[in-house]
Amino acid sequence: MRAERWLREYGDTLFAYAFRRLGDADEAEDAVQETLIAALRAADGFRGESTEKTWLIGILRHKVIDVIRNRRVTPVRVEAVDGDRSASFKDGFWKNRPIKWPALPEDGMRRRELQAALNRAIDELPPTMRTAFCLKEIDGIASKEICKVMSISPTNFWTLLHRARLRLRESLTDEWFEKGQD
Amino acid sequence: MRRILKSIWYVLTLRCEEADRIRSLAQSGTTTRIERFGAWSHALVCRGCWIARNQTEKLEALIDDMRGKEPLTDASRGRGLSPEGRARLKRALDAAAQQDEK
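Chains as they are written, first to last, in this note's numbering: chain A, 1 to 182; chain B, 1 to 102.
It should be emphasised that the hints constitute simulated quantities derived from the structure, not laboratory data.
Ideal Cβ placement from N, Cα and C applies to all residues, glycine included.
Computed far set for chain B versus chain A, every beta-carbon distance over 10 Å: (1) Arg2; (2) Arg3; (3) Ser7; (4) Val11; (5) Thr32; (6) Trp40.
Okay, derived cross-link-like pairs now, DSS-like style, lysine-lysine, Cα gap no bigger than 27 Å in a straight line: (7) B:Lys90 - A:Lys53; (8) A:Lys95 - B:Lys58; (9) B:Lys58 - A:Lys90; (10) A:Lys136 - A:Lys53.
So here's chain A without its partners, still in its complex pose (with noise of 0.2 Å):
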């Protein structure tokens, strides 16, 4: 049967995605299983466009927005997400100086080594950021769209993507460039 192959193959794969969107287990298995409900009954148009992987991803992507925009609707204050202010700052000046990255590895290890190492900071920042986040930069939904979705005020939106920034850099430097190449 086709969703069983689905499941088997991509089952850990959509939950990666959709419990990275929603921070909550329950939710991402939820969605994965609308997702592969709706492709059983949508495989026919199915026209081989993209892999099936890719297909998949694209229904769940729905999905997660929906779930996003059922949730009891709480306005979200970036204090209360990220703190008063960034520990990188003190008084508006930098706390300490940031550390110069070297240039990026161009090798192919390498370089998958690093995402890797974004790809856990990433997962590290605190979900309502990370939602903002991926959605945004990884996903590629308009603002307007996330905003409404999310409850969110522009500004609150792009002070949040500010801050997940920052917190990636900071990950980063500590993870990777600072001691974690080797």
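Using the hints provided, position chain B relative to the given structure of chain A.
Coordinates of chain B only, in the frame set by chain A:
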């Protein structure tokens, strides 16, 4: 004249935290030209911000690599489906398939 003086004052008094925010959001369309100029000129005289600017560019390159690509599965970090979840999904799919057959 007053506007020009205000802009000059803004550029001269810009702090690292604000300059970093402007650089980080430069592509968002939410920053003004004077803010971007302020952040750029601030980085010319502030070593920390110059390095941060360089880090931001490299981070953008790494994020670009990820865009539109399928996610990495890292089952070793507990991000895969649990056996119970997998069994539940299998049951739900069987039920949906049977329902469709009727």
